[in-house]
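*Asks:* Okay, here's what each chain looks like letter by letter:
There are 2 protein chains.
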Amino acid sequence: MTGHDPEVAVLRLGHRPGRDNRMTTHVGLTARALGADRVIIAGNASDSKATIEDITDRFGGPFEVELTDGYRRVLRGWSGTVIHLTMYGLPIQNVEASIRADLESEPLLIVVGAGKVSFDVYERADYNVGVTNQPHSEVAGLAVFLDRLFEGRELDREWEGGTHRVVPKATGKQVEPIEES
Amino acid sequence: MTGHDPEVAVLRLGHRPGRDNRMTTHVGLTARALGADRVIIAGNASDSKATIEDITDRFGGPFEVELTDGYRRVLRGWSGTVIHLTMYGLPIQNVEASIRADLESEPLLIVVGAGKVSFDVYERADYNVGVTNQPHSEVAGLAVFLDRLFEGRELDREWEGGTHRVVPKATGKQVEPIEES
Numbered sequence: 001m002t003g004h005d006p007e008v009a010v011l012r013l014g015h016r017p018g019r020d021n022r023m024t025t026h027v028g029l030t031a032r033a034l035g036a037d038r039v040i041i042a043g044n045a046s047d048s049k050a051t052i053e054d055i056t057d058r059f060g061g062p063f064e065v066e067l068t069d070g071y072r073r074v075l076r077g078w079s080g081t082v083i084h085l086t087m088y089g090l091p092i093q094n095v096e097a098s099i100r101a102d103l104e105s106e107p108l109l110i111v112v113g114a115g116k117v118s119f120d121v122y123e124r125a126d127y128n129v130g131v132t133n134q135p136h137s138e139v140a141g142l143a144v145f146l147d148r149l150f151e152g153r154e155l156d157r158e159w160e161g162g163t164h165r166v167v168p169k170a171t172g173k174q175v176e177p178i179e180e181s
Numbered sequence: 001m002t003g004h005d006p007e008v009a010v011l012r013l014g015h016r017p018g019r020d021n022r023m024t025t026h027v028g029l030t031a032r033a034l035g036a037d038r039v040i041i042a043g044n045a046s047d048s049k050a051t052i053e054d055i056t057d058r059f060g061g062p063f064e065v066e067l068t069d070g071y072r073r074v075l076r077g078w079s080g081t082v083i084h085l086t087m088y089g090l091p092i093q094n095v096e097a098s099i100r101a102d103l104e105s106e107p108l109l110i111v112v113g114a115g116k117v118s119f120d121v122y123e124r125a126d127y128n129v130g131v132t133n134q135p136h137s138e139v140a141g142l143a144v145f146l147d148r149l150f151e152g153r154e155l156d157r158e159w160e161g162g163t164h165r166v167v168p169k170a171t172g173k174q175v176e177p178i179e180e181s
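Just so you know, the protein sequences line up as chains C and X, in that order.
The numbering used here applies: residue 1 is where the first sequence begins, and numbers increase by one.
The numbering used here applies: residue 1 is where the second sequence begins, and numbers increase by one.
Same shape as in the complex, but just chain C (with noise of 0.2 Å):
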């Protein structure tokens, strides 16, 4: 996110073409928004990926989408904290605090899976967080973790290169072109 340095990305396990186009699209674009700086997508998603890219292209980045057909090897290669969202997990209220001091030097990968998640995640891990010991949605997991590994300093950050913005209202919508400085 603008603002903190070392990286922290989103690593999407799991996604089949079809079927979770939506969810990992969903995925990626809580990452965008909620101050991750780039998702990985482990498999076949040019779909979410194209979709994700065209919101930044609109709204503002810098955010980053790529695919892998290996995602062992970016577990393996990432010089940094690994997080593994799982309802199996410790909870997460009592690791935050743990994992932010981590963020202040060296990168964080965040991995959110589809379906089962291979054993070897558990055990490459550094953290198996739950957001909560319930079954609900990776995509809740996610966005439930930034907002608290960013204590809310998402919110308030600012978008470059876009094209639009939102202006907040109490009734109704507002869009409106950026202009070029």
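Errors might be hidden in some of the hints.
It does not matter which identical chain is used: a pair holds within one copy or between any two.
Unchecked claim - The calculated lysine-lysine pairs, modelled on BS3-like cross-linking and capped at a C-alpha distance of 27 Å, are:
(1) K169 - K49
(2) K173 - K116
(3) K116 - K169
Hint data in this document are derived by calculation from the structure and do not stem from the laboratory.
We have chain C already, so just place chain X on it with the hints.
*Replies:* Below, chain X alone, put in the same frame as chain C:
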């Protein structure tokens, strides 16, 4: 949520059978996991209802799922505060304290759409609220809204009547049956 008095319900609009089944299920499961008391789904979402009820049977409640074919009636009849989550609304960080104060005395209905939401919802809402003014996900918006509404207390709630519970672990998965007392 157990421990708060006035009810918090979520109203899911715009469900398209088939296409939206997973998103609607995730809205309902997120509502349940993060402290709402009930989800009301507008439209024919019997598959999502069954999935959410299965999870409640297994992992506990109380949590209710209802279908309605008349969401305007639900909105008109709501005796309490109506929140509409929308990227066009006022920043959550500016209105959350006021909404929390309202919840001390009256129930709260949180409206989340799928696609385009009819203008009468914007007009009926006491607060149109943006979890950022960026496009992302109704599931993410609902999750952050609930976590902020309850100020994290929802993460410590107790569940009643389930047959199983997850035991949080640093690595791996542990689910245990709950013995009858």
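*Asks:* For every hint, state whether the structure bears it out.
*Replies:* Results for each hint:
Within a single copy, K169 and K49 get their C-alpha atoms no closer than 30 Å, and across copies no closer than 33 Å, so neither meets the 27 Å cut-off. Proximity of K173 and K116 under a CA criterion of 27 Å is satisfied inter-copy only: 12 Å between copies versus 39 Å inside one chain copy. Taking the shortest alpha-carbon separations for K116 and K169, only the inter-copy value of 17 Å comes in at or below 27 Å, while the best intra-copy value is 41 Å.
Violated hints amount to a single one, hint 1; each of the other numbered hints is respected by the structure.
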